[in-house]
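Chain order of the listed sequences is G and D. Those letters in the first sequence? Residues 1 to 308, by our numbering. Those letters in the second sequence? Residues 1001 to 1268, by our numbering.
Certain hints may be false.
Stated by the list, open to error - Computed spacing ranges between beta-carbons, pair by pair:
1) G/H146 with D/P1029: 51 to 59 angstroms
2) D/N1004 with G/D70: 58 to 66 angstroms
3) G/G258 with D/Y1003: 53 to 61 angstroms
4) D/G1169 with G/G258: 40 to 48 angstroms
To be verified - A few chain D residues that don't get close to chain G, going by computed Cβ distances all over 10 angstroms:
5) L1077
6) R1099
7) I1146
8) K1161
9) I1162
10) Y1225
Because the hints were derived from the structure by calculation, they are not lab data. Even glycine gets a Cβ: it sits at the ideal position worked out from N, Cα and C.
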Amino acid sequence: MLELCDLTVRFGKEGSANAVEEISLKIEDREKVFLIGETGSGKSVLLMAILGMLPDSAVITGRAVLDGRDILNLPEKEMRRIRGTKIAYIPQGSGEGMNPLLRAGYQIGEPRVIHQKERMAQAIRAAAGQLERFGLKKEVLRQYPHTLSGGMKQRSLIVMGVMEQAPVLFADEPTKGLDPARILQIVDCFAKLKEQTLLCVTHDLRFAQAAAEKICVLYASQAVEYSEKEEFFKKPLHPYSQAILQALPENGLQVSEGFAPPREDADAQKGCHYRRRCRFCSEKCEEKPPMFEVGTRKVRCWLYAHRS
Amino acid sequence: MKYNRSFYFGIGLLLIFLIMAVFAPVIAPYDPFAHGTPYLRPSVEHFLGTNDVGQDIFSELIYGARVSLTIGIVSSLVITVIGTGIGLSSACFGGRCDRILMKLTSVAMAIPSLPVAIVLAAYLDASIWNLVIAICITAWPSTARIVRAKALELMELPYIKIEKTMGVGGLRIIWKHMLPNLSDIVLTRSVLAISGAMLTEASLSFLGLGVLGQKSWGGILYYAYFRNGIINNYYWWYLPPMICISLSVLGFMLVANRRWRKVEVKGC
């Protein structure tokens, strides 16, 4: 189980705005949680903070408890063991996700060589088995990254992530730059990860709907809603969640105007971050709303104060 | 042919000089130190004539290739290893290490290289190794700078970051992922360093600070100048070493500037 308690990240001096603010999530084993939100809402920073990969200027408070152990303040050497063996990271396949000078097999096998002290040939043989499981041919191992298509590269990177049998997987926009047919392949790949916990960042609501079990919506560095997938797509609670679902084509492409406030906008960071764009905005919204529990769901909006 | 023509021309030039250096005793018609009739013009017996003490200039040139090439190649190795090492550690460790190393590099860059090399060559014994030290001490910073800049760029690339999130250790990332991606600029820099070192060696030898007791191209020029070869226009004495220096440096430059040959597509 991965549990985040009031995880807050800011960059630079005290008083500067938070990139991630008081995020509390409880992710059970084998659960598939998708983080959705606008660019700059703190999704990727959250993943990197848990992995301990942020630059030195980042100040992280709160806790991230993995199997009863807080992993935020571990020394780098122990953290390096956790990366890859306990938490694996699946990056974007588009762009330079793989070293252009090494064959795909070498890179897919590398985590095993590092953590299991296996020989490269052995690791590559293990990779071959995994590749077939995800619908890729063994020949991919001998190919250089530039000869792979975006979809193949992304699936190879998923294979790289699961090589070590890490119980928790982080994925950062695995569908970026892929066409719908390839996205379906990625959905298939994720469906095969029955034993793993998945925390996936995406902009793609269709993809989230197909592959997620729970959805967490982030808005301007805060988590504003945390729900089961079915309930979320049937009846979103937070006004922002409603707005993004209304922007889907089948709901009439009603895109709400404006963007999330930038982090420098100190005034917007007081009270509810969404209040300036919110249809239901009232005086109460000048005060910061806590996460209200509505049944099994959680939402950060004063509208639900009386129901919790 | 994978590369452009000038690359192969450069390789050809270098091969000629390499063969000269390696098989000097076989190729040279005379002992370059043996005295004979001075100031002979080029003839059948003395292909490039003789100097003021009657030494055969063609033989001198052939033996001179040894010193010039050795100093060039050894200096380049030292410069490349030091420069790449400092550049990479500066980029990868960052923070205070980066600041100290870059200050050091800036200082080394600000030192005028030839005067320092002259002073060092004058104070140290005139051996090949001391000359290498004198040349290298100011020549490494540009390699370090370029390697650092490129390494910083590489570190921001997704595939290097991914290695870190996979728990791969720093040294392995540097060795397996960064160095191969840096190899093109490191190799180009090192070939350029060879020609730079050869020119510095020639300058030092011309000033009479070269390797004692061994023939070198700069050394031949030194004697041609100070024993009035140039004033009396004994062209067979001063021109050949100049041409040898220029051609070998040109050879290294052409190799360093290698380009992939353009693929010609028919019908375009």
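The hints, checked one at a time:
The given range of 51 to 59 angstroms is respected by G/H146 and D/P1029, whose C-beta atoms sit roughly 55 angstroms from each other. The given range of 58 to 66 angstroms is respected by D/N1004 and G/D70, whose C-beta atoms sit roughly 59 angstroms from each other. Between G/G258 and D/Y1003 the CB atoms are about 56 angstroms apart, so this pair conforms to the stated range of 53 to 61 angstroms. Range check, D/G1169 to G/G258: about 46 angstroms between beta-carbon atoms, so the 40 to 48 angstroms window is met.
Listed as a non-interface residue, D/L1077 keeps its Cβ farther than 10 angstroms from every Cβ of chain G; the least gap is roughly 23 angstroms. Under the 10 angstroms C-beta cut-off, the non-interface status given to D/R1099 relative to chain G holds; the minimum distance is some 14 angstroms. For D/I1146, the condition that its CB be more than 10 angstroms from all CB atoms of chain G holds, with the nearest at approximately 19 angstroms. Here D/K1161 does not stay apart from chain G, with its beta-carbon only about 7 angstroms from theirs, under the 10 angstroms limit.
Some Cβ of chain G comes within 10 angstroms of the Cβ of D/I1162; the nearest lies about 5 angstroms off, and the non-interface call is violated. No Cβ of chain G approaches the Cβ of D/Y1225 within 10 angstroms, the least distance being about 49 angstroms, so the stated non-interface status holds.
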